[in-house]
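Given chain W, put chain Y in place with the hints provided.
Protein sequence lines correspond, in order, to chains W and Y. According to my numbering, the first sequence holds residues 8 to 82 in order. According to my numbering, the second sequence holds residues 8 to 82 in order.
Simulated from the structure, these hints should not be mistaken for laboratory data. Hints may contain errors.
Because identical chains cannot be distinguished in the list, a pair is counted as satisfied if it fits within a single copy or across any two copies.
[Said to hold, decoys possible] Taking lysine to aspartate or glutamate and the EDC-like style, the derived pairs with C-alpha atoms no more than 16 Å apart in a straight line are: (1) LYS20 / ASP63; (2) LYS60 / ASP9; (3) LYS19 / GLU47; (4) LYS12 / ASP56; (5) LYS12 / GLU68; (6) LYS35 / ASP9; (7) LYS50 / ASP63; (8) LYS20 / GLU68; (9) LYS20 / ASP56; (10) LYS12 / GLU66; (11) LYS50 / ASP75; (12) LYS50 / GLU34; (13) LYS50 / GLU77; (14) LYS19 / GLU66.
Protein chains: 2
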Amino acid sequence: MDIIKVFADNVKKYRLVLGLSQEAFAEKSGLHRTYISAIERQKRSIALDNVQKIADALEIETHLLFIDGEKTLNE
Amino acid sequence: MDIIKVFADNVKKYRLVLGLSQEAFAEKSGLHRTYISAIERQKRSIALDNVQKIADALEIETHLLFIDGEKTLNE
Chain W
8 MDIIKVFADN
18 VKKYRLVLGL
28 SQEAFAEKSG
38 LHRTYISAIE
48 RQKRSIALDN
58 VQKIADALEI
68 ETHLLFIDGE
78 KTLNE
Chain Y
8 MDIIKVFADN
18 VKKYRLVLGL
28 SQEAFAEKSG
38 LHRTYISAIE
48 RQKRSIALDN
58 VQKIADALEI
68 ETHLLFIDGE
78 KTLNE
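In isolation and in its complexed conformation, chain W is listed as follows (with noise of 0.2 Å):
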């Protein structure tokens, strides 16, 4: 498993699935737009205070930003 790339694919369903933009996400999560979209095209390998931001921002359990969707798809 890639936790770079699956972390970046389940913030962007799941900021998606609450119909947010980066920049409407940014703000709400208290990070900046910039970091968002960094995390998102996986440049960047985020410390846990700020997966924490995320999940908070994303009203989901911490947990599921690390279950990685492709390989359940495929199971």
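Below, chain Y without anything else, positioned relative to chain W:
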């Protein structure tokens, strides 16, 4: 959820399941013993690439490190 605490508790739990000391686990994961110790004492907010090293060394799926065991017990 306090992600640092949940992660710390899970690292220790699964390390003990494998019957490994912090030193043996550090060697297996390729991380330093003082770093493993700091994680378990909730002194570090680690980055995702090291989260993956730890999950791989624990031989578990990454998302299990983010499930709050205490919460499960109380529900």
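The hints, checked one at a time:
1. For a Cα distance limit of 16 Å, the shortest separation of LYS20 from ASP63 inside one copy, 15 Å, qualifies, whereas the shortest one across copies, 25 Å, does not.
2. Only between protomers do LYS60 and ASP9 lie at most 16 Å apart by alpha-carbon distance; the minimum there is 11 Å, versus 21 Å within a single protomer.
3. Taking identical chains as interchangeable, the C-alpha atoms of LYS19 and GLU47 lie at most 16 Å apart only when both belong to the same chain, with a minimum of 6 Å there against 30 Å between chains.
4. Taking the shortest Cα distances, LYS12 and ASP56 sit within 16 Å of each other only across copies (11 Å), while inside one copy they are farther apart (18 Å).
5. In this assembly of identical chains, the alpha carbons of LYS12 and GLU68 lie at most 16 Å apart only when taken from different copies (15 Å versus 18 Å within one copy).
6. Proximity of LYS35 to ASP9 under the C-alpha cut-off of 16 Å is found in neither arrangement, the shortest distances being 27 Å within a copy and 19 Å between copies.
7. Taking the shortest alpha-carbon separations for LYS50 and ASP63, neither the intra-copy value of 21 Å nor the inter-copy value of 22 Å comes in at or below 16 Å.
8. With identical chains, the CA atoms of LYS20 and GLU68 are at most 16 Å apart within one copy only, with a shortest distance of 14 Å there and 20 Å across copies.
9. Taking the shortest alpha-carbon separations for LYS20 and ASP56, neither the intra-copy value of 20 Å nor the inter-copy value of 21 Å comes in at or below 16 Å.
10. For a Cα distance limit of 16 Å, the shortest separation of LYS12 from GLU66 qualifies neither inside one copy, at 20 Å, nor across copies, at 20 Å.
11. For the identical chains of this complex, LYS50 and ASP75 are neighbours neither inside a copy (18 Å) nor across copies (28 Å), given an alpha-carbon limit of 16 Å.
12. Taking the shortest alpha-carbon separations for LYS50 and GLU34, neither the intra-copy value of 20 Å nor the inter-copy value of 28 Å comes in at or below 16 Å.
13. In this assembly of identical chains, the alpha carbons of LYS50 and GLU77 never lie at most 16 Å apart, being 20 Å within a copy and 33 Å across copies at closest.
14. Taking CA atoms no more than 16 Å apart as the test, LYS19 paired with GLU66 passes inside one copy only; the shortest distance there is 13 Å, against 27 Å between copies.
When held up to the earlier numbered hints, the structure conflicts with 6, 7, 9, 10, 11, 12, 13 and fits the remainder.
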